[in-house]
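In case you want the letters, here they are:
2 protein chains.
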Amino acid sequence: MKTVVLKFGGTSVGSIDRIKSVAKIISSYKKKKMGVIVVSSAMSGTTNELIKKTKELSNTFDAAEYDVLLATGEQATCALIAGRLKHLGFKARSWMSWQLPIITEGPYSSSRISKINKGKILSFMKSGGIPIITGFQGINLENRLTTLGRGGTDASAIMLAKFFNTDACDIYTDVDGVYTTDPRNHSKAKKIHKISYDEMLEMASLGAKVMQPTSVQDAKLNNINFSVKSSFQKKKGTLITGTKKTFSNQIITGITSTKNDSKVTIVGVKDRPGVAAAVFKPLSLNQINVDMVVQNISLNGKETDLTFTIKSEDVKKTEKIIKQNKRISFRKLTYDNNVSKVSIIGVGMITTPGITYRMFQALASKKINIMVISTSEIKISVLISNKQIKKAVAVLHKEFKLD
Amino acid sequence: MKTVVLKFGGTSVGSIDRIKSVAKIISSYKKKKMGVIVVSSAMSGTTNELIKKTKELSNTFDAAEYDVLLATGEQATCALIAGRLKHLGFKARSWMSWQLPIITEGPYSSSRISKINKGKILSFMKSGGIPIITGFQGINLENRLTTLGRGGTDASAIMLAKFFNTDACDIYTDVDGVYTTDPRNHSKAKKIHKISYDEMLEMASLGAKVMQPTSVQDAKLNNINFSVKSSFQKKKGTLITGTKKTFSNQIITGITSTKNDSKVTIVGVKDRPGVAAAVFKPLSLNQINVDMVVQNISLNGKETDLTFTIKSEDVKKTEKIIKQNKRISFRKLTYDNNVSKVSIIGVGMITTPGITYRMFQALASKKINIMVISTSEIKISVLISNKQIKKAVAVLHKEFKLD
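Just so you know, the sequences run in chain order A and B. The opening residue of the first sequence carries number 5 in this note's numbering; numbering runs sequentially from there. The opening residue of the second sequence carries number 5 in this note's numbering; numbering runs sequentially from there.
Don't read these hints as lab results, they were simulated from the structure. Certain hints may be false.
For chains that are exact copies, the list does not tell them apart, and a pair is met inside one copy or across any two.
The list that follows gives simulated cross-link-like pairs (lysine-lysine, BS3-like), each with its CA atoms no further than 30 angstroms apart [to be verified]:
id, residue 1, residue 2
1, Lys56, Lys336
2, Lys238, Lys35
3, Lys56, Lys24
4, Lys57, Lys24
5, Lys56, Lys34
When you get a sec, could you build the whole thing from the sequences and use the hints?
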């Protein structure tokens with residue numbers, strides 16, 4: 005018997021009608037005589053409502069109790085899904101993480117699954133049952149409830165697929181897969197049928213909000229193939245897999261762009277060893293995420309300009325920190341809030357020379373000025389004016405034959 | 005160290021502000037150096053919202069999953085209370101029923117607590133901790149969540165007081181105690197400071213909705229003294245206790261009245277053995293609760309009239325069942341929806357003769373006509389016109405020196 009893990013996210017179970025649809029999706033697998041393990045999130049909105057309550061009670065609400073509170077969300081959804089499946093005549097039941105148990109380690113609110121006890125679920129499935137397991141949570145060695153942090157139900161799904169060694173893992177969400185670029189920004193965006201973990205990681209962290217990067221990382225580490233599908237429409241999704249081969253002649257798999265980036269330049273900073281560390285350490289300590297960095301060549305050997313990008317919401321905090329920084333001296337600070345990062349991603353670029361050139365050439369042909377460049381093995385990112393994002397995505401989409 | 009169980013009902017924890025108040029009440033016991041065990045209900049409204057969801061998914065929603073769903077309500081409140089207490093600097097934590105565990109037996113949705121494992125709670129309390137335990141629920145021997153039915157958190161409180169053998173058990177609710185009669189209907193109603201289980205049982209089942217009768221029964225069976233108090237106002241409550249002595253010279257402890265009763269008379273029913281059973285059996289099978297019953301003396305030896313009271317909402321169903329009943333014949337059916345049952349309750353009447361006479365005399369003095377009478381050892385109930393309820397309660401309240 006083929007087995008599959010089915011994961012349903014918050015919007016997929018966001019209403020009574022959605023839960024009915026989810027029960028139909030589950031039953032379609034069962035009708036194909038597959039062994040099904042379901043893992044569900046809380047109904048969308050529930051978790052945020054609960055978090056709001058904790059903030060009203062304490063600005064430093066206890067992390068362990070926070071997890072106890074949030075864990076109710078998935079418990080409720082699992083009971084509702086199981087109840088609906090029983091209503092339809094299936095053998096189903098909800099399973100709380102403590103009933104298996106699912107063991108986690110690490111701090112409250114950001115634990116990681118270390119072990120899943122399979123015995124009870126396997127015998128329930130053997131008798132034809134469909135287990136509906138609470139995502140996002142587990143218990144620690146003190147027998148207390150823990151949660152896995154943002155996107156935790158994805159992590160639960162990947163770990164269930166690993167421990168039960170299932171044949172497939174289908175992540176049902178509100179998008180129907182991963183696209184070559186954001187379909188809302190470019191009409192020629194196409195669904196990617198197959199993508200590697202590394203590409204997916206670059207896509208995820210660059211703004212394709214299909215799945216949390218940590219869960220993709222979990223899948224990569226454990227070599228779990230999984231699919232992303234829509235619970236709203238019956239469509240083929242995207243398979244995320246570990247194969248290292250280029251899937252086709254396409255060198256570039258996808259193109260992403262960011263919003264709300266800002267470029268900061270520290271003009272005339274004293275050029276001496278350790279100046280970059282002196283600038284970035286206090287930013288890091290204040291949870292400000294510095295993305296692209298470029299340091300100009302020092303013209304006179306004494307002064308240089310340091311440019312970097314941050315999220316726009318961090319600009320004021322950054323300004324304050326830099327001005328208070330006694331370890332550096334500089335002439336002035338400049339900002340540009342009208343910038344955006346456009347990236348091309350593809351495992352194919354490792355073995356194909358000339359990609360950088362083709363990217364710059366294509367952008368230049370549309371008079372798009374590049375401010376900062378950063379590269380990794382499978383990604384090239386450039387910072388451009390955010391007025392030119394659409395044009396940049398379109399020309400790159402065409403250049404790399406994604407249209 | 006003196007120990008106490010504190011129970012908080014749904015309205016007592018119905019909002020964030022209420023939860024803050026509850027934390028204050030708990031801390032006041034802790035400041036008196038008492039050992040405190042807290043048990044809480046779900047926030048008021050939560051349980052009904054969850055039940056609504058089950059009805060939208062199935063008209064026969066699985067009872068086991070129903071319990072899993074409803075159990076989330078208390079889990080959430082306990083986490084919020086514990087989080088608030090920690091915020092105030094106390095050592096506190098939530099305890100789910102499965103973490104002790106609290107073992108139940110019987111069917112889902114109406115289980116009863118059979119055992120409470122004390123070890124973990126005792127050692128937590130020994131270290132100064134305040135355990136906040138989920139009311140209304142437990143786990144059965146299959147390690148699945150169960151709930152105790154309506155008013156189940158009262159039952160949890162009584163059983164915690166029993167198993168932990170605490171010195172006291174304070175039931176915090178939205179009323180500040182048990183009154184001689186409903187204060188909303190009679191301005192001279194007074195709070196009762198001490199009442200016996202049996203009287204409380206009669207009060208509870210007759211409409212003083214302070215506590216579910218089954219929990220009072222549990223307390224009586226286990227000889228647990230408990231108090232009913234308001235979580236909204238700092239006031240002395242009512243102590244419910246097992247002592248058999250009359251607490252004072254008062255013979256009557258309280259007076260209750262019902263709403264929404266109807267009187268049904270089957271006129272000219274054939275008078276033969278078994279006719280009452282033939283009438284009432286199908287009503288009982290259809291969950292229609294028959295309260296007072298009176299059968300007239302057969303005048304001609306052939307026909308009689310059978311009168312009984314039911315809840316007004318059951319009138320139509322009752323009419324249909326009686327008309328379809330082939331085992332009886334009668335001349336006609338009559339109804340009176342404008343009736344009410346007024347009862348006097350008191351353990352004192354067992355040892356005091358003439359109470360019935362005094363009751364009837366008092367009612368007659370106000371020209372109140374009695375339609376049906378029923379009596380128990382500690383209660384006399386009469387059916388009267390519902391236009392005369394206020395007058396009847398007032399004259400009886402005065403007659404039995406409750407003013």
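Okay, the hints, checked on the actual structure:
| no. | hint | in the structure |
| --- | --- | --- |
| 1 | Lys56 x Lys336 | neither (40 angstroms within a copy, 62 angstroms between copies) |
| 2 | Lys238 x Lys35 | within (16 angstroms within a copy, 61 angstroms between copies) |
| 3 | Lys56 x Lys24 | both (28 angstroms within a copy, 15 angstroms between copies) |
| 4 | Lys57 x Lys24 | both (29 angstroms within a copy, 12 angstroms between copies) |
| 5 | Lys56 x Lys34 | between (38 angstroms within a copy, 28 angstroms between copies) |
The structure is inconsistent with hint 1 alone, although it conforms to all the rest.
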